[in-house]
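Asks: Spelled out from the first residue to the last, the chains are:
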Amino acid sequence: MLAPLLEARSISKAFAGVRALNGVNFSLFPGEVHALVGENGAGKSTLIKVFTGAIAADSGSLTVAGREVRHHTPATARSLGIGAIYQQPSLFPHLTVAENIAWTLEGGGLWHRVDWKARQRLAAGLIRRAGASIDPERVAGTLSMPEQQIVEIAKAIGAGARILIMDEPTSSLTDREVESLFQVIASLRAQGSGVIYISHRLNEIFSIADRITVLRDGETIGTRNTTEVQPTGLIEMMAGRPSASVFPKREVPHGAIALELRNVSSSAAGVRAVSFSVRSGEIVGLAGLVGSGRTELAETIFGLNALDSGEILVEARRVRIGSPAEAIEAGVAYVPQDRRRHGIVLEMPVAANTSLASLGAISRWGWIDGARERILAERYVAQLHIKTPSVDATCGTLSGGNQQKVALARWLATSPKVLILDEPTQGVDVGSKSEIHRRMVDLAEGGLAIIMISSELPEILGMSDRILVMHAGSIGGVLSRAEATQYKILSLALGHRPTGEMARIQE
Amino acid sequence: MRKGYSREASVAGALVALLVVVAAVAPGYFSRENLTDICLANAPVLIVAVGMTLVILTGQIDISVGSIFAVCGVGAGVLAKAGLPVPIAALGACFTGAVLGSLNGGLVAYLRVPSIVVTLAAMVALRDGLRWATQGAWVEDLPSGFQWLGFSQSSFSAMILLVAAGITVTVGWGLRNLAAGRAVYATGSSEEAAHLSGIDTRRYRFWVFTITGALTGLAALLNSVRFNQIPSNSGLGLEMRVIAAVVVGGTAITGGTGSISGTVVGVILLGAVGPALTFLGINPYWEKAIQGAIILAAIVADRVSVRVAFRSSRKHASSPASTSA
Numbered sequence: 128m129l130a131p132l133l134e135a136r137s138i139s140k141a142f143a144g145v146r147a148l149n150g151v152n153f154s155l156f157p158g159e160v161h162a163l164v165g166e167n168g169a170g171k172s173t174l175i176k177v178f179t180g181a182i183a184a185d186s187g188s189l190t191v192a193g194r195e196v197r198h199h200t201p202a203t204a205r206s207l208g209i210g211a212i213y214q215q216p217s218l219f220p221h222l223t224v225a226e227n228i229a230w231t232l233e234g235g236g237l238w239h240r241v242d243w244k245a246r247q248r249l250a251a252g253l254i255r256r257a258g259a260s261i262d263p264e265r266v267a268g269t270l271s272m273p274e275q276q277i278v279e280i281a282k283a284i285g286a287g288a289r290i291l292i293m294d295e296p297t298s299s300l301t302d303r304e305v306e307s308l309f310q311v312i313a314s315l316r317a318q319g320s321g322v323i324y325i326s327h328r329l330n331e332i333f334s335i336a337d338r339i340t341v342l343r344d345g346e347t348i349g350t351r352n353t354t355e356v357q358p359t360g361l362i363e364m365m366a367g368r369p370s371a372s373v374f375p376k377r378e379v380p381h382g383a384i385a386l387e388l389r390n391v392s393s394s395a396a397g398v399r400a401v402s403f404s405v406r407s408g409e410i411v412g413l414a415g416l417v418g419s420g421r422t423e424l425a426e427t428i429f430g431l432n433a434l435d436s437g438e439i440l441v442e443a444r445r446v447r448i449g450s451p452a453e454a455i456e457a458g459v460a461y462v463p464q465d466r467r468r469h470g471i472v473l474e475m476p477v478a479a480n481t482s483l484a485s486l487g488a489i490s491r492w493g494w495i496d497g498a499r500e501r502i503l504a505e506r507y508v509a510q511l512h513i514k515t516p517s518v519d520a521t522c523g524t525l526s527g528g529n530q531q532k533v534a535l536a537r538w539l540a541t542s543p544k545v546l547i548l549d550e551p552t553q554g555v556d557v558g559s560k561s562e563i564h565r566r567m568v569d570l571a572e573g574g575l576a577i578i579m580i581s582s583e584l585p586e587i588l589g590m591s592d593r594i595l596v597m598h599a600g601s602i603g604g605v606l607s608r609a610e611a612t613q614y615k616i617l618s619l620a621l622g623h624r625p626t627g628e629m630a631r632i633q634e
Numbered sequence: 014m015r016k017g018y019s020r021e022a023s024v025a026g027a028l029v030a031l032l033v034v035v036a037a038v039a040p041g042y043f044s045r046e047n048l049t050d051i052c053l054a055n056a057p058v059l060i061v062a063v064g065m066t067l068v069i070l071t072g073q074i075d076i077s078v079g080s081i082f083a084v085c086g087v088g089a090g091v092l093a094k095a096g097l098p099v100p101i102a103a104l105g106a107c108f109t110g111a112v113l114g115s116l117n118g119g120l121v122a123y124l125r126v127p128s129i130v131v132t133l134a135a136m137v138a139l140r141d142g143l144r145w146a147t148q149g150a151w152v153e154d155l156p157s158g159f160q161w162l163g164f165s166q167s168s169f170s171a172m173i174l175l176v177a178a179g180i181t182v183t184v185g186w187g188l189r190n191l192a193a194g195r196a197v198y199a200t201g202s203s204e205e206a207a208h209l210s211g212i213d214t215r216r217y218r219f220w221v222f223t224i225t226g227a228l229t230g231l232a233a234l235l236n237s238v239r240f241n242q243i244p245s246n247s248g249l250g251l252e253m254r255v256i257a258a259v260v261v262g263g264t265a266i267t268g269g270t271g272s273i274s275g276t277v278v279g280v281i282l283l284g285a286v287g288p289a290l291t292f293l294g295i296n297p298y299w300e301k302a303i304q305g306a307i308i309l310a311a312i313v314a315d316r317v318s319v320r321v322a323f324r325s326s327r328k329h330a331s332s333p334a335s336t337s338a
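In order, the protein sequences belong to chains A and B.
Every position in the first sequence, counted from 1, becomes a number in the numbering used here once 127 is added.
Every position in the second sequence, counted from 1, becomes a number in the numbering used here once 13 is added.
This is chain B alone, in the form it adopts within the complex (with noise of 0.2 Å):
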């Protein structure tokens, strides 16, 4: 459980390489304007990220949280200007994306459907539905209370970041500290096992679909109130971002291992790639490309650790059973 521990190291010094870098040649990145607008940035999805380290710590995968994440944005845009008080459109927002987790979950988890075909129909049916039902137009003219949540700009700014923060602190402590935690780990590493040992690997595996759609419409309300109109296509291309974080992070894509903090150098180092080649000077067209690559040089790293890792404990295993007739 704790071999993530080197890799959230060496993605560490990856990230502190490239800030060292970029406070060599352009030290205006670390202003104080280009570093609240990363965080402001990157919160959203370092909150969708800690349910996604869930889902894929149980083996699973969930594609659908940049169409949930565009449903409860607009959502709670929605609501708001029908004139519903703020708190109560914000909290339609964590539950709608309750509600449309919790039907990936139930689809995975009693149904028995790949979740990677569960997710891939909620994304484009949801996508799909909301460009539908919007004409593709944005939610406009919002009540004056909505923006900030009615909090000044500073204030609200602190304010994600507390939640982004407390949120991940928690789940990460609850992950290592939880005997829930510990059944999320035990299903994705051996479902057999977990099951005979008398952990419904069922209920973990729909509660973590549950938990993140509930996380990404909490994210996509701390983003929509940064503006002044909520765009119906916004997180497009958000799982993939989450996705690539947790795996750069060190959670194996085939789930059992993996760490909360892991996540958070892994979001940390996407999110700060894109803003540095601003500021080194290099077209951001290059943005994809290394991303790509740190995804790249992150798998390849797994799959060399396993590798080592099975050779070590094959040299220990004694001989194959599989002798007898």
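So that you can see chain A by itself, here it is in the shape it has in the complex (with noise of 0.2 Å):
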């Protein structure tokens, strides 16, 4: 057999005490193209920044071409020959192909002479080399993603890759525009490159893959030839046992259907043809993988992003969402995701990012009733046991989960019908985890409806009433509490459906 390209043994990383990889196993062979599945948060990405020398490792050993690595730097993978294209190539925009390649390849000081020429037949060689044809004088702009990502594999092969890290390379491609980047692959493949292949796409990965290594929270959970492995027995694999963490999930009485929605569709966010309602007391998980429009929906119901055809009613009256204050007023409100950026406003205060979306109910002719405004942010800061020396401190000195918790109380200020919670807890230390979780749990029981997005299936599973699996900018299925599974989530989000007999295996 043929020496490995590249080897990991035990590779363990690990960031502020949470550990992203615990002794992960890989090789590349020459001429192989190796998946590396696993559903969000299994340290795929993580696993390859330490390849390609973004982030160095805790321990374990890694070895290119019979060498064992030490201090791998993005220097040293470069001249080892490995080379990442990412889902979005970067490229610059404003220049031609040739210039793009020439950027990274050409060596010499800031004044050396351009040799146009040279510069062109490289550029035009190594994109052959990818099996592409594209003019080399094209500026980068104007070429469509396929041929984007080319150049980067062109610039890539040009740095003398012989490892090529492919991260989600065709989230953004046509059918057919992925049909052709599999033949540049496998033109790679006859050169005697390794690529290692990353995609939540498992019919590509069957078509394409010579073996696969399934990642589930950051540990090896096996490799296997793609050859001796069925798509069900994969998504077993990537899913596991459920946790046994326990959520602080209470049955309580659901009411009237508090929002509906009606075959929303938004071409500007790929949001197609949703439909789906909930009733008040109910929390509802939405699953679904980085990328398969969550957040996208969310933003729709709130009004940020253009409906294009159906049509949202909250508390069965039809309502016109075209911004933020008109989903406010209409009783919807929307924790985001990112709150350092979106969520709250370091720079202010507690109470006055309390009462931020709420101005009017606590403001009299314009005039904000200042000793109201502290009256509410105090009683969110007991209701929600904000952690905090007084309403006066700036929110910026709060941790994380105090934080996220001052945005939830924003928008409970606002009295909300329907509250979505874009990831709730991410990035949040366990005590404060659990703390968010009872507090939905109380929410729902005082009669709001409650739409959770969150990438962690544990999560979903352990505080939904019924979820919601998104594929694709559409709901891939509904499962209620009772039958829902990872694996049977996870088989929704990758687009595949499990047949009735692999269902009932897993339960």
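Treat the hints as calculated values from the structure; they're not laboratory data.
A hint or two may mislead.
[Stated by the list, open to error] Some, not all, of what chain A presents toward chain B, calculated at C-beta under 8 Å: (1) A452; (2) I455; (3) G458.
[To be verified] Pair ranges (Cβ atoms, derived): (4) A:S517 x B:L309: 55 to 61 Å; (5) B:A54 x A:S217: 49 to 55 Å; (6) B:L97 x A:S517: 52 to 58 Å; (7) A:R377 x B:P127: 35 to 41 Å.
Since this is a predicted model, take the numbers as computed values, not measurements.
Beta carbons are placed, not taken as given, at the ideal position from N, Cα and C, and that holds for glycine.
Hints in hand, dock the two standalone chains.
Replies: Here you go:
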């Protein structure tokens, strides 16, 4: 057997005490396409960053072309022939293809003369080796997505890369474009390069990969030859057993329908024909892989994306929501995902952050009633157990979990009927996490309809009364709390409908 | 929001230190005439700076105020000379300023053109347009009722100060107590968070430019009636002076934090330095250099305080969420 191009043994990496990788093993042989799969947060990106030298592993060894690599950096990665192609190509849009390629490949100082002819020849040659034909004189900004990716591949080949890492390269490609990318991969394989291929699309993996490695919770679950494994078996490996963590979920009675979507589409957001409803007191989990349109759907309900067709009803009344202000007016609240950018205003005190979306309610003739603002803020500080010296403390000084609670307080202060939470516990410590979960149940008990977006399957399973699984911009399936398993959610999220038999075996 | 307080205190401290030195070396500085002169010269600057504070708080900049100032001053004079009643000419100056400001604001808020570009264009176009229209000539032979708006010099001086103080207090109060003021801070601090909270951030961007234009028109009027002719090149460099005062006063150039009281001490400090040099017997050519040093010190203080605040907030924040695949 040939020696592996790359071999990683027991790679471990922790971020601030959280294990991202735990004893991961991985190998790549010449002429092989090796797929890396796993759900969100399984550790794929972290592993790739270890390979490209973007981050250093805490322990474990990395062997490239038979030599062990210590002090791996992006520069050594490149000199060892490791090249990465990301989901979003990073070309200079105003430069030509040849210039883009030359920028990464040509050495020389700031003052070296440009040999335009050589540049062109180099670019044309590399693109040919990538199995495509693109005019090197074209401006990168005018290229289609796959053409840009081919230029990225040409750059990597030109840099002498024999190990190509492709992170979700097909996520923005059409089927025909995927086909042409696969031809390029096939020609690279024929030339003896190795490709590490990351994708959420199982059918692609089965058509292109020679071997598949599954990661889950930062650990290698197993490596299989593609010929020896079925999609269902793979999903099973990715999903694992339900986690044992306890969620403070209580059954509360459900009331009338609070929010209903009828055939909602938004081409700007990539949301296609979504219909569902949420009752008051109900917690609906919105699951799906990153990029499946969960956040985009939430933003569409909140008036951030224009509706092409369909209608939204709040408490059985049709509403027109064209802006966040109208959404708030209609009784919809949205706690966004990236709280440092969209959620709270870091420079403002807790009180001002709490009242920001309900300034009208605490002011008369536009004049803020300071006393009422304090009372409002103090009420939520008490109700949500926000740990802050006082409501005058600047939000930037609070911990992540408490910042998230302040963001939640702002939206509760608008007295919403529907609350949409986007990754409410992401980046939040364990204590605050279960705290937030407890508050969610309290709120549902108080008659609020809650939609919770989460990438964490245990959280979805533990907190939801019902689970909507999104796939490619539409609802791939709906699961009740009783029937939902990690396996079923993942199958729907991957666009793979579980057969009745497999689903039963899982229970 | 109240973080700027320490800045206000330190600028006030620098001002007091300057005044103590001047008091010891050249007590003549504190003569009634000199203080009146300083106040009268800086009241228009303060009025414009109050508007500029609003603009900078929303994260924008307006460098066209000097040119708007000139257009409004000359405009008021021309209207008065044309025989219009003086109050109408005065209103005309404010109105012209508001219209020019609203053009800036409209382009910035609704067409999303960067404010530095919009107001740079306005600055150059208005300045050169005015030069072309007046052929560089000053507006002279103003009707008798124009100077001091028909009041006596002393009562008008008091009036200028009252108007400047009134505007400052009103806007400062509004920023603290009105929902609109809160929205201004939120817009400059995190436009997306403000937008998601239902605030129409574009509307506030539009209005801060319009208000600044109107205040600039008012300042130009109050300034022009002090003399019996109006130079067509008035307000040259006003924008820099005003922006400097706002920044020295602790308003972050990136928006979101700052206060009107900071701007007040900033205007007073920068306005007091020049005359002080004369009294201290230092070559007045040093004025700009010293003002520059003050601005630099203020900006450096800004970066340092931001870094300290960032570090302390980092300490509290939990682990990065970017470990997911």
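Asks: With reference to the structure, classify each hint as holding or not holding.
Replies: Hints versus structure:
For A:A452, the shortest C-beta to C-beta distance to chain B is roughly 4 Å, which falls under 8 Å, so the interface hint holds. Nearest Cβ of chain B to the Cβ of A:I455: about 4 Å, under the 8 Å cut. The hint holds. Using the Cβ-Cβ criterion of 8 Å, the hint placing A:G458 at the interface with chain B is not satisfied: the shortest such distance is roughly 12 Å. Checked against the hint of 55 to 61 Å, the pair A:S517 and B:L309 fails, with Cβ atoms roughly 35 Å apart.
In this structure the hint that B:A54 and A:S217 lie 49 to 55 Å apart at CB holds, the actual value being about 54 Å. Between B:L97 and A:S517 the Cβ separation comes to about 56 Å, which falls inside the hinted range of 52 to 58 Å. At roughly 52 Å, the beta-carbon separation of A:R377 and B:P127 lies outside the given 35 to 41 Å, and the hint is violated.
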